[in-house]
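**Q** The residues making up each chain are set out below.
Protein chains: 2
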Amino acid sequence: MNIVILGSGNVAAVLGRKFKAAGHKILQVISRNASAASELAYEWDTESANYPSIAKPNADIYIIAVSDDAIDDVINNIKLPKQIVAHTAASVSKDILKTVTDHYGVFYPLQSLHKEDADLPETPIFFDGSDEMTKKKLEALANSISPQHVTHASDDARSKLHVAAVFVNNFTNHLYALAENYCKREGIDFNELLPLIDETASRIKDISPSRSQTGPAIRHDEETIEKHLAILNAYPDLKKVYEFLTASIKGFKA
Amino acid sequence: MNIVILGSGNVAAVLGRKFKAAGHKILQVISRNASAASELAYEWDTESANYPSIAKPNADIYIIAVSDDAIDDVINNIKLPKQIVAHTAASVSKDILKTVTDHYGVFYPLQSLHKEDADLPETPIFFDGSDEMTKKKLEALANSISPQHVTHASDDARSKLHVAAVFVNNFTNHLYALAENYCKREGIDFNELLPLIDETASRIKDISPSRSQTGPAIRHDEETIEKHLAILNAYPDLKKVYEFLTASIKGFKA
Numbered sequence: 085m086n087i088v089i090l091g092s093g094n095v096a097a098v099l100g101r102k103f104k105a106a107g108h109k110i111l112q113v114i115s116r117n118a119s120a121a122s123e124l125a126y127e128w129d130t131e132s133a134n135y136p137s138i139a140k141p142n143a144d145i146y147i148i149a150v151s152d153d154a155i156d157d158v159i160n161n162i163k164l165p166k167q168i169v170a171h172t173a174a175s176v177s178k179d180i181l182k183t184v185t186d187h188y189g190v191f192y193p194l195q196s197l198h199k200e201d202a203d204l205p206e207t208p209i210f211f212d213g214s215d216e217m218t219k220k221k222l223e224a225l226a227n228s229i230s231p232q233h234v235t236h237a238s239d240d241a242r243s244k245l246h247v248a249a250v251f252v253n254n255f256t257n258h259l260y261a262l263a264e265n266y267c268k269r270e271g272i273d274f275n276e277l278l279p280l281i282d283e284t285a286s287r288i289k290d291i292s293p294s295r296s297q298t299g300p301a302i303r304h305d306e307e308t309i310e311k312h313l314a315i316l317n318a319y320p321d322l323k324k325v326y327e328f329l330t331a332s333i334k335g336f337k338a
Numbered sequence: 085m086n087i088v089i090l091g092s093g094n095v096a097a098v099l100g101r102k103f104k105a106a107g108h109k110i111l112q113v114i115s116r117n118a119s120a121a122s123e124l125a126y127e128w129d130t131e132s133a134n135y136p137s138i139a140k141p142n143a144d145i146y147i148i149a150v151s152d153d154a155i156d157d158v159i160n161n162i163k164l165p166k167q168i169v170a171h172t173a174a175s176v177s178k179d180i181l182k183t184v185t186d187h188y189g190v191f192y193p194l195q196s197l198h199k200e201d202a203d204l205p206e207t208p209i210f211f212d213g214s215d216e217m218t219k220k221k222l223e224a225l226a227n228s229i230s231p232q233h234v235t236h237a238s239d240d241a242r243s244k245l246h247v248a249a250v251f252v253n254n255f256t257n258h259l260y261a262l263a264e265n266y267c268k269r270e271g272i273d274f275n276e277l278l279p280l281i282d283e284t285a286s287r288i289k290d291i292s293p294s295r296s297q298t299g300p301a302i303r304h305d306e307e308t309i310e311k312h313l314a315i316l317n318a319y320p321d322l323k324k325v326y327e328f329l330t331a332s333i334k335g336f337k338a
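Top line first, the protein sequences correspond to chains G and W.
So the number in my numbering is just where the residue sits in the first sequence, counting from 1, plus 84.
So the number in my numbering is just where the residue sits in the second sequence, counting from 1, plus 84.
In short, the hints are calculated from the structure, not lab data.
Treat each hint with caution, since some may be false.
No copy is singled out in the list; a pair is fine if it fits within one copy or between any two copies.
Simulated crosslink set (SDA-like; lysine to any residue; CA at most 25 Å straight-line) [unchecked claim]:
no.	residue 1	residue 2
1	K323	S294
2	K323	T130
3	K311	D240
4	K220	E283
5	K289	L204
If we strip away everything but chain G, and leave its shape as in the complex, we get (with noise of 0.2 Å):
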């Protein structure tokens, strides 16, 4: 397909080269950000442009990958009622394209992507569509690139899974930087951690996180757990974390 990309962040970065990498062209890269937008240009051996309004009219596809308080800007300066259209906001609706066109969607990349990454990490898609023809080629596209992990959602359900992102991914993450200060100022290498991190994350493949929680909390290990208190005076804000945290374990029903 050929396609237009509006955006130059993270996400319009990693999805432009996954749809080059399905075979797809990427018609214009369009970006405030003009030096953003042709670096992506030149990576794509295509054109870039910086305003919205001189968008190419005739792609198959038009993806606005940009920050949620940047779409407007975009949607305020583009009119393409014969093409299809797709935002790709996790927590934004679909009809907040309505006025751009009569066939607009969503394309929703569940991943954390950084655009500095070598690697074009497995990226579940979630899509939706004003129509049926707008949500079969949106879906023909998110096949192209992640044939494992397509599945259709609406604006409901796709807010409800960026609830369990957000878990996963910055509640998950903010525990690692929580841990990781703490290594900083305690002398530990956390780099010692990274293998009991990788194993965290990839044993849920294979058994349920419910079922394999461990630790003192689990365990009601309160011998443990007040001496962990202890070496946590030094740190409020982490001793908070672990206390919270505790309770929650213990009264976790799944």
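Got chain G sorted already, so can you dock chain W onto it with the hints?
**A** Relative to the frame of chain G, chain W by itself:
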């Protein structure tokens, strides 16, 4: 080396396998759990016994790999005054072994070990010993199964390490469990989150988690946070976790 393993649980099984794979000989495996002991003895082509008191006296190293609350029972039933004896517990002092031998220490694997796993995960070892000879021997044993990740750690350092492990392993797994549970109730396929979980864990090898934090909390994206909290009204426990960790991210300073 010739090794006697006391214990037949996850740590005993996986360490024993690693010792075997590194070319050591398991002289005997001892556990109150007779069937688990004989299963491991069969696997390792060695003998099993059910009482610590009948440990063979001629091993180079005795590894006590039992749960924290079972250590006393083992210790009260062995006397090996000239041998090297080490336990594997994070939060138990090495001095608990004083009554057993003059050459005692710790052999702590910083990993989530499960006997049913087919693969043996990379496992950093933190060792300690009552004297130089004991330290050297335990360090050599550690190097034979985990050449990249062997560190000396005092009782105090090991306890502090354990706190970090609780954050990145137990607490992280709890977030996975909460998300899984939520997905089940919302009809979301939890497997679709696995690529994101994987990516979140692996990218911290390249980028510090403090610098790669993403999501509505770090962006102070109150609109999305409100949307998420509205969804979580149906899940009061999850909502509390969301509010708590969102505040923790907002207040975090590396």
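**Q** Which of the listed hints are not met by the structure?
**A** 2, 4
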